[in-house]
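Student: Using the sequences plus the hints, can you model the full thing?
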Amino acid sequence: MNRDNRPYSGPVEAVKPNPTATFGPPGEQSSGGYSSPNYHGEQQSVHSPRNHSGANRPLYDFDGAYSSPDGNGENGYYRDGGEPPEPPKHPHAWRRRVVLIGGGLLLLWLLLFILPIPFGTITVTGSKNVTVSDVMAAGNIRYPINLLQINAGQLEERLQHDLRVDSVKVTYVLPLTLQVNVTERRPAAVVATQFGFATLDAKGQVINIGPAIEDTSATIISGIKLGNVLLGDTIDTPVIKGALSYLNSLSDEGRKEIAEINVGDVNQLIAYTVDGLPLHLGDTSDMDKKGPLSENMLRDVKARGVAAQYLDVNVKAPFIKTP
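Residue numbers (numbering that gives the first Met the number 0): 0 to 322.
It is worth saying that the hints were derived from the structure and are not from the lab. As the structure is a prediction and not an experimental result, all values here were calculated from the model. Where a beta carbon is used, it is the ideal one built from N, C-alpha and C, also for glycine. Treat the hints with care, since some could be wrong.
[Unchecked claim] The calculated label-pair distances, taken between Cβ atoms and stated as ranges, are:
1) SER132 with LEU99: 38 to 46 Å
2) ASP282 with LEU230: 41 to 49 Å
3) SER216 with GLY102: 58 to 66 Å
4) GLY125 with VAL273: 25 to 33 Å
5) LYS240 with PRO115: 46 to 54 Å
6) ASN227 with PRO143: 15 to 23 Å
7) THR120 with ILE319: 50 to 58 Å
8) LEU229 with GLY125: 20 to 28 Å
[What the hints assert, rightly or not] For lysine to aspartate or glutamate, the following DMTMM-like pairs were computed, each having C-alpha atoms within a straight-line distance of at most 25 Å:
9) LYS202 with ASP287
10) LYS255 with GLU155
11) LYS168 with ASP235
12) LYS202 with ASP133
13) LYS240 with ASP285
14) LYS255 with ASP282
15) LYS255 with ASP285
16) LYS315 with GLU259
17) LYS202 with ASP235
18) LYS320 with ASP299
19) LYS240 with ASP251
20) LYS202 with GLU294
21) LYS168 with GLU156
22) LYS224 with GLU259
23) LYS202 with GLU259
24) LYS240 with ASP299
25) LYS301 with ASP232
26) LYS320 with GLU294
27) LYS255 with ASP287
28) LYS168 with GLU183
29) LYS127 with GLU155
30) LYS168 with GLU213
31) LYS301 with ASP264
32) LYS255 with GLU156
33) LYS315 with ASP285
34) LYS320 with ASP287
35) LYS202 with GLU213
36) LYS315 with GLU294
37) LYS288 with ASP235
38) LYS288 with GLU252
39) LYS202 with ASP264
40) LYS202 with GLU256
Tutor: Structure follows, in structure tokens:
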């Protein structure tokens, strides 16, 4: 029908599809070309949105190495021939592992501190009289030995109160050893007391008391008798301090040569060698010099074969008395 509602009597033409028709995204001008079939059997132009630039860009970074199927029945593949990349791991996983390991070590450390678990050994060096049992008793250490439960500083302090110990050093030695290095008090002299004999160290401290002389290696100080002395007492008598000063100035070999020192006369101390040769020491002055002088005079007597009656150990004018 026409605009006047009258029937149209002209020729009728059928509308045919345009094979060159194309469709493009909005804003782009379509151009001629042939369409290609899509996966659903429908016609698709080369300028369709499916083939638009950017439509084939990878959605993820790891898709760039992947080749999509070509439409001929072949599956896609990775161009480098490898396997698909693993998904990214949790970025904080290593922190959790560190926390777990640290917590386990801390728990183990606490258990070693609290529970009676054997952990290490104790050794004693430098002493024949102080044993491991003595060290454990001084430090209130029980079996099994656990080094983590031992206070090295406190153990040193307690061992210093042992009269047999002159000095002590506690150290840790790898792998698991507590080493106690002890310097013993050496007996320097023996003095008679009211009830027996007292053994003195080089500083005049009483380190042993007994009814008889037990250590024959110590020099006897005669001519004096002490009162009631106790273990740990320090003797401050001037003549005894002078005799000890003389003994301390001798070498180890020279000390072995002196068997006795008589201090009955404070102005004329006399030392006797193991051979019975008297050494007149005079008073208690310059005792640290008279020791080395005595050793030189004794060596001279032995070298010359002199039959000496006594040696006058005078620092200013020493001489050897002969018959």
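Student: Next, verify each hint and record whether it holds.
Tutor: A quick look at each hint next to the structure:
no. : hint                           : verdict
1   : SER132 with LEU99: 38 to 46 Å  : holds (43 Å)
2   : ASP282 with LEU230: 41 to 49 Å : violated (31 Å)
3   : SER216 with GLY102: 58 to 66 Å : holds (60 Å)
4   : GLY125 with VAL273: 25 to 33 Å : holds (28 Å)
5   : LYS240 with PRO115: 46 to 54 Å : holds (49 Å)
6   : ASN227 with PRO143: 15 to 23 Å : violated (44 Å)
7   : THR120 with ILE319: 50 to 58 Å : holds (57 Å)
8   : LEU229 with GLY125: 20 to 28 Å : holds (27 Å)
9   : LYS202 with ASP287             : holds (14 Å)
10  : LYS255 with GLU155             : violated (32 Å)
11  : LYS168 with ASP235             : violated (28 Å)
12  : LYS202 with ASP133             : holds (24 Å)
13  : LYS240 with ASP285             : holds (12 Å)
14  : LYS255 with ASP282             : holds (22 Å)
15  : LYS255 with ASP285             : holds (21 Å)
16  : LYS315 with GLU259             : holds (24 Å)
17  : LYS202 with ASP235             : holds (10 Å)
18  : LYS320 with ASP299             : holds (13 Å)
19  : LYS240 with ASP251             : holds (19 Å)
20  : LYS202 with GLU294             : holds (22 Å)
21  : LYS168 with GLU156             : holds (10 Å)
22  : LYS224 with GLU259             : holds (15 Å)
23  : LYS202 with GLU259             : holds (18 Å)
24  : LYS240 with ASP299             : violated (28 Å)
25  : LYS301 with ASP232             : violated (40 Å)
26  : LYS320 with GLU294             : holds (16 Å)
27  : LYS255 with ASP287             : holds (17 Å)
28  : LYS168 with GLU183             : holds (12 Å)
29  : LYS127 with GLU155             : holds (18 Å)
30  : LYS168 with GLU213             : violated (28 Å)
31  : LYS301 with ASP264             : violated (28 Å)
32  : LYS255 with GLU156             : violated (33 Å)
33  : LYS315 with ASP285             : holds (11 Å)
34  : LYS320 with ASP287             : holds (23 Å)
35  : LYS202 with GLU213             : holds (19 Å)
36  : LYS315 with GLU294             : holds (16 Å)
37  : LYS288 with ASP235             : holds (21 Å)
38  : LYS288 with GLU252             : holds (17 Å)
39  : LYS202 with ASP264             : holds (22 Å)
40  : LYS202 with GLU256             : holds (20 Å)
Checked against the numbered hints above, the structure violates hints 2, 6, 10, 11, 24, 25, 30, 31 and 32; every other hint is satisfied.
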